[in-house]
Amino acid sequence: MIGRLNHVAIAVSDIEAATAVYRDTLGAEVSAKEAQPDHGVSTVFINLPNTKIELLEPLGENSPIAKFLEKNPSGGIHHVCYEVDDIKAARDKLVADGARVLGDGEPKIGAHGKPVLFLHPKDFLGTLTELEEA
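With the first letter of the sequence shown counted as 1, position 25 gets the number 445 in this note's numbering; the numbers rise by one all the way through.
By construction, these hints were calculated from the structure, which means they are not laboratory data.
A hint or two may mislead.
[Stated by the list, open to error] In the DSBU-like style, the derived pairs of lysine-lysine whose C-alpha atoms are separated by at most 35 Å in a straight line are:
1) Lys491 <-> Lys542
2) Lys513 <-> Lys491
3) Lys513 <-> Lys528
[As the list claims (entries may be wrong)] Here are the in silico distance ranges between beta carbons for each label pair:
4) Arg443 <-> Asp512: 35 to 43 Å
5) Asp524 <-> Ala440: 33 to 41 Å
6) Ala516 <-> Ala452: 39 to 47 Å
7) Glu436 <-> Glu481: 17 to 25 Å
8) Asp444 <-> Lys513: 40 to 48 Å
9) Arg520 <-> Asn467: 26 to 34 Å
10) Pro541 <-> Lys513: 12 to 20 Å
11) His540 <-> Asn492: 12 to 20 Å
12) Asn492 <-> Arg520: 16 to 24 Å
13) Ala554 <-> Lys491: 26 to 34 Å
14) Asp517 <-> Ala437: 34 to 42 Å
By construction, the Cβ of each residue, glycine as well, lies at the ideal position given by its N, Cα and C atoms.
Please construct the entire structure, taking both the sequences and the accompanying hints into account.
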């Protein structure tokens, strides 16, 4: 069901400093910072030959990554994102198999302009998992 790894997301408290590490220290190509108000984060994407790294910084008081950063003030890996051909078919199969979809269970438009869903980490080996329609 899952396709390629789309990205690994890293929560950070200072996205400019984190971007500088990837751009200046590691020599990576980085995107501009973009606010994602519907998701409560700002993002920067690090483009790698085989995937992307997504840097996440809280945006607003109710950011979903604020609690993560409270527990992990230095930041860290927040989630992994896999591509699927049909997000609703993938959701339906996963739910039928007992997996929990976070939120209202309906796909939302993600940072790449494509439908996304998040799956409960307790159902996926302690890892918050995002599905993105390819």
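So, going through the hints one by one against the coordinates:
1. Lys491 <-> Lys542: At roughly 17 Å apart (the allowed maximum being 35 Å), Lys542 and Lys491 satisfy the hint.
2. Lys513 <-> Lys491: holds, 33 Å
3. Lys513 <-> Lys528: Measuring from Cα to Cα gives roughly 18 Å; hence the hint holds.
4. Arg443 <-> Asp512: 35 to 43 Å: For Asp512 against Arg443, whose Cβ atoms are near 40 Å apart, the range 35 to 43 Å holds.
5. Asp524 <-> Ala440: 33 to 41 Å: With a Cβ separation near 37 Å, Asp524 and Ala440 satisfy 33 to 41 Å, so the hint holds.
6. Ala516 <-> Ala452: 39 to 47 Å: Given range 39 to 47 Å: holds, Cβ gap about 40 Å.
7. Glu436 <-> Glu481: 17 to 25 Å: holds, 20 Å
8. Asp444 <-> Lys513: 40 to 48 Å: holds, 43 Å
9. Arg520 <-> Asn467: 26 to 34 Å: With Cβ atoms ~32 Å apart, the hint holds.
10. Pro541 <-> Lys513: 12 to 20 Å: holds, 19 Å
11. His540 <-> Asn492: 12 to 20 Å: holds, 19 Å
12. Asn492 <-> Arg520: 16 to 24 Å: holds, 23 Å
13. Ala554 <-> Lys491: 26 to 34 Å: Holds: the Cβ-Cβ distance is about 32 Å, inside 26 to 34 Å.
14. Asp517 <-> Ala437: 34 to 42 Å: Holds: the Cβ-Cβ distance is about 41 Å, inside 34 to 42 Å.
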